[in-house]
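Make the full structure from the sequences, and use the hints.
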Amino acid sequence: MIRQAQAMKAKLDEFKQELEAQSFIGTAGDGAVTVEVNGKHEVKKVTLSPEAAKNPKKLEAWVQEAVNQAGAQVNEKLKSAVSKMTGGFGLPGL
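Numbering (this note's numbering), first residue to last: 1 to 94.
Because the hints were derived from the structure by calculation, they are not lab data. Incorrect hints may appear among the rest.
Computed spacing ranges between beta-carbons, pair by pair [unchecked claim]: (1) Ala-53 <-> Gln-6: 50 to 56 Å; (2) Ser-83 <-> Leu-48: 21 to 27 Å; (3) Ala-5 <-> Ser-80: 17 to 23 Å.
In the BS3-like style, the derived pairs of lysine-lysine whose C-alpha atoms are separated by at most 27 Å in a straight line are [what the hints assert, rightly or not]: (4) Lys-16 <-> Lys-84; (5) Lys-40 <-> Lys-79; (6) Lys-45 <-> Lys-58.
Keep in mind it's a predicted model, so treat the numbers as computed, not measured. Every residue gets a Cβ at the ideal spot worked out from N, C-alpha and C, and that includes glycine.
Structure (structure tokens):
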């Protein structure tokens with residue numbers, strides 16, 4: 001059982017490194033805002049269309065929406081991988 005736990009930890013560590021190297025894209029405002037995050041939920045790039053800058057209130061909402069969308073993609077990828085590794089049992093807090 002200890003070996004299984006160690007093997008699972010090694011797989012999770014490997015997956016974590018792979019996830020952190022990946023990019024996830026969120027968009028909002030029909031493409032007016034695009035946000036790229038990595039697997040650690042760090043924002044790597046924000047792209048704004050000229051239209052986005054014309055309305056600060058919409059811009060704020062679009063950036064928030066795009067960041068949340070990209071973050072949800074990271075979370076879903078992590079949740080799916082953990083579920084596969086644990087046979088569907090998952091881990092608390094994920």
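Right, here's what the structure says about each hint:
1. The hinted range of 50 to 56 Å is satisfied by Ala-53 and Gln-6, whose Cβ atoms lie roughly 52 Å apart.
2. Checked against the given bound of 21 to 27 Å, the beta carbons of Ser-83 and Leu-48, roughly 36 Å apart, lie outside it.
3. A hinted range of 17 to 23 Å for the beta carbons of Ala-5 and Ser-80 is consistent with their spacing of about 21 Å.
4. Our distance criterion of 27 Å between C-alpha atoms is met by Lys-16 and Lys-84, whose separation comes to about 14 Å.
5. For a cut-off of 27 Å, the pair hint linking Lys-40 to Lys-79 stands: about 14 Å separates their Cα positions.
6. Distance hint between Lys-45 and Lys-58 is fulfilled; the C-alpha atoms sit about 19 Å from each other, no more than 27 Å.
The structure fails hint 2 only (numbered hints given earlier).
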